[in-house]
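Undergrad: The residues making up each chain are set out below.
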Amino acid sequence: MPDWEKSSTARVIPPARPRKLAKAPFVELADGRLQGVVSSGSDIERVYVSSVTAGSYAFACSTNNNRPCGGARGSFCNHIRTLINEAVLQYGAGRVARYLRVELAEPDADSMTAAMSAARPAPDGTRAAATVFSRFLRHLAYLELAPVTTPVPELQWFPPTRMTA
Amino acid sequence: MVPADPDDGVMRADLLAGTIAGLDEALAAVDAFDQVLVAGVLRPQPAQAAGLTRLADAVEGTPLAAPAAVAAGRAAAGAATEEHLVVLAAARAAVLGSVHDALMIQIAEATGRAVGKEAASGQPGASQPGASQHRASLLGAGRSWLCDLARSGWRGLDHDVVSGSAPVVSAMLADPVLRRLATLLDGFAAELAACCPGAAAERVPARRWADLWSRAMLLTLPGAAATPVTGTATGRLLPLGVDLHEHATAVQAQVHAVFEPADGTGSRLVRASVCAPKPDTVVGAGVWPLLRPHLSLLAAVSDGRSMDLTDMPVTAEGDLIWSDAHARPGGPADPFATARVALPAAAEAVTAPLDRHPARIAVPVFLEGYAAGTDDDGLVFTVAGHPLAVDDDRVPAAGPLTPEAVAASAACIGLLRWDAGAFSVQPLAVETTGRRAAVHAGEWAGGATGTTGVKAEKAAADAVAVLRERAGRLLRK
Ligand SMILES: [Zn+2]
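Read top to bottom, the protein sequences are chains A and B.
Heads up, the first sequence is in the numbering used here, so the first residue is 32 and it goes up one at a time.
Heads up, the second sequence is in the numbering used here, so the first residue is 16 and it goes up one at a time.
The set of hints was computed from the structure by calculation and includes no laboratory data.
Fair warning: there could be bad hints in the mix.
To be verified - A short, non-exhaustive set of chain A residues, derived as facing chain B with CB atoms under 8 Å: (1) A61; (2) G156; (3) A159; (4) A161; (5) T180.
To be verified - Okay, the calculated bits of chain A under chain B, using three or more residues with CB under 8 Å as the criterion: (6) 71-84; (7) 181-190.
To be verified - Far from chain B, some chain A residues (derived; all Cβ distances over 12 Å): (8) R98; (9) G102; (10) S148; (11) R158; (12) A172.
Ideal placement from N, C-alpha and C gives every residue a C-beta, glycine not left out.
Just need the whole structure built from these sequences, with the hints factored in.
TA: Have a look at this one:
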């Protein structure tokens with residue numbers, strides 16, 4: 032490979048892997064957290080906004096109407112577990128573990144969830160739910176933006192890669 | 016220099032091996048400045064002052080010399096304003112512009128093709144339609160974020176600095192005139208976010224991020240991103256292949272083609288592009304349905320057909336501003352026949368001033384009679400005794416072309432590129448040895464075929480359906 036640090040097209044992040052979105056329509060590694068939106072298993076009108084903070088593993092889960100999730104009082108609820116599973120499908124376990132700073136030789140969703148739970152993380156009091164939900168709405172808006180046929184030369188810096196997460 | 020034999024369109028790889036005078040010095044100046052951005056300009060150290068001086072010295076004798084010297088001095092004192100940082104971005108772009116020009120001269124010798132005579136227009140400040148107050152303030156907000164980045168440096172990145180781009184990008188994306196800069200900032204910010212905190216990053220893609228930063232800085236100047244139409248194209252369009260670009264939330268397909276004007280004037284190389292925003296979970300062959308409805312040329316590519324254009328708007332750089340109303344399907348046209356017969360005579364388009372950068376080089380070439388092998392860095396075509404690296408990582412997963420097919424090929428349509436000090440060829444299509452069957456990277460552009468392609472399109476369609484359903488329920492409230 033040519034010198035990565037002197038390459039204009041160095042690949043920095045591998046593309047996301049496709050996954051079914053029914054369980055969790057939105058998952059991202061951003062703002063120092065694994066965060067996303069998880070569909071309710073029982074109510075089609077409801078979603079949960081869930082997050083785990085990198086390093087401390089502080090967690091939060093609430094509905095989009097800001098009601099706290101009953102399952103996330105003292106430990107990870109099922110929504111958070113789903114969030115971790117889906118993040119591993121989308122980004123690969125290695126990248127999720129690195130981002131959350133979970134040190135495991137060969138991480139997978141189960142071992143990561145177990146390792147973070149074992150650290151007895153505290154609930155996250157920062158109330159990030161509103162931010163996460165607005166980021167989800169922003170993400171949905173990508174579908175509504177019209178394509179253009181004027182060239183975007185800047186995308187020459189973003190070639191595809193066969194590298195996978 | 017002996018030009019390539021104009022009768023056989025095969026590229027002379029040997030002519031790419033020569034050294035270019037001044038190239039190493041120019042790149043050393045760029046590297047010196049790139050290290051300044053690694054550490055940031057908030058509290059510059061002596062090494063950074065030296066890097067800034069090096070860049071300013073590299074534009075000596077140009078109109079940028081005086082402002083660059085002032086900007087470098089102020090930045091070295093930790094007192095750079097936005098204007099100073101814009102000047103430094105411009106100086107870096109000018110140095111890489113000269114590298115681009117030298118490389119293009121070398122490429123023209125290797126391909127034996129004429130370079131277009133038409134002068135590039137599209138000066139910054141060119142026409143940009145109305146509502147300029149709002150746009151100007153968004154551009155200003157973008158520039159202010161970029162200046163924050165320069166101050167913190169890549170090593171000083173944290174989530175607070177990076178997330179500052181989100182509201183600016185969202186607002187810009189909604190305006191098609193600002194789409195270019197928005198698309199760049201969006202992809203750039205996603206990378207920066209993935210590498211936070213910068214202090215803990217194992218390594219930093221210094222050239223790449225300085226490229227993206229300086230390019231974005233220049234695009235925040237009013238009118239810089241305009242793509243002025245300078246004429247219309249009427250005649251026959253013969254596709255060569257499709258080049259795909261993508262980051263998490265955008266995808267662009269660019270069709271490279273030979274255009275034969277109906278008025279009998281010389282044929283020339285052109286491109287047609289379509290770019291769509293996308294959710295990050297729509298990947299692989301799933302991107303084509305987003306693009307297909309806006310560029311009928313993609314179907315023609317899959318069908319192996321030409322298209323007949325009537326009054327299609329075109330820029331001085333050979334970019335067709337596609338509108339289906341100006342195009343209708345033509346007769347069968349095999350890209351390999353186009354590459355063998357029509358490509359050698361087609362004139363190269365000129366490059367817009369802002370686009371003079373080595374990473375922007377993507378010159379269609381035809382290769383045949385090479386030996387495919389591997390060296391320590393990967394796949395290599397040995398053309399008449401001269402090795403040419405093959406960038407098979409750039410072959411998109413969104414098509415049936417694979418590195419294996421490229422390695423077993425006897426003829427190749429590709430894009431000649433240059434990165435990190437070396438030329439390489441990006442395969443767009445190959446003819447395999449033996450059966451001489453052709454495989455094209457863009458074969459699924461007009462409609463996926465084969466199990467893999469159909470499954471990937473279906474998965475992407477399902478993902479989009481779920482998101483639309485969710486959006487319908489949640490955005491209503
Ligand atoms: Zn929950």
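Undergrad: Run every hint past the structure and note whether it holds.
TA: Tested hints:
Look at A:A61: its Cβ gets to within about 6 Å of chain B, closer than 8 Å, so that hint holds up. Given the 8 Å rule on beta carbons, the hint for A:G156 is violated: about 18 Å separates it from the nearest Cβ of chain B. With a cut of 8 Å, the hint placing A:A159 at the interface with chain B is violated, because the nearest CB-to-CB distance is about 11 Å. A distance limit of 8 Å between C-beta atoms decides the matter here; for A:A161 the minimum to chain B is near 13 Å, and the interface restraint is violated.
Checking A:T180 against chain B by beta carbon gives a least distance of about 4 Å; that is within 8 Å, so the hint holds. Residues of the stretch 71-84 of chain A with a Cβ under 8 Å from some Cβ of chain B number 3, which satisfies the need for three, so the listed coverage holds. With 10 residues having a beta carbon nearer than 8 Å to a beta carbon of chain B, the stretch 181-190 of chain A meets the requirement of three or more and the stated coverage holds. With a cut of 12 Å on Cβ distances, A:R98 stays outside the contact zone with chain B, its closest approach being about 14 Å.
Against the 12 Å criterion, A:G102 stays outside the reach of chain B, whose nearest CB is about 21 Å from its own CB. Annotated as non-interface, A:S148 keeps its C-beta farther than 12 Å from every C-beta of chain B; the closest such distance is 24 Å. Even its closest Cβ contact with chain B, about 16 Å, leaves A:R158 beyond 12 Å, as expected for a residue assigned away from the interface. A cut-off of 12 Å between C-beta atoms contradicts the statement that A:A172 is not in contact with chain B; the least separation is 7 Å.
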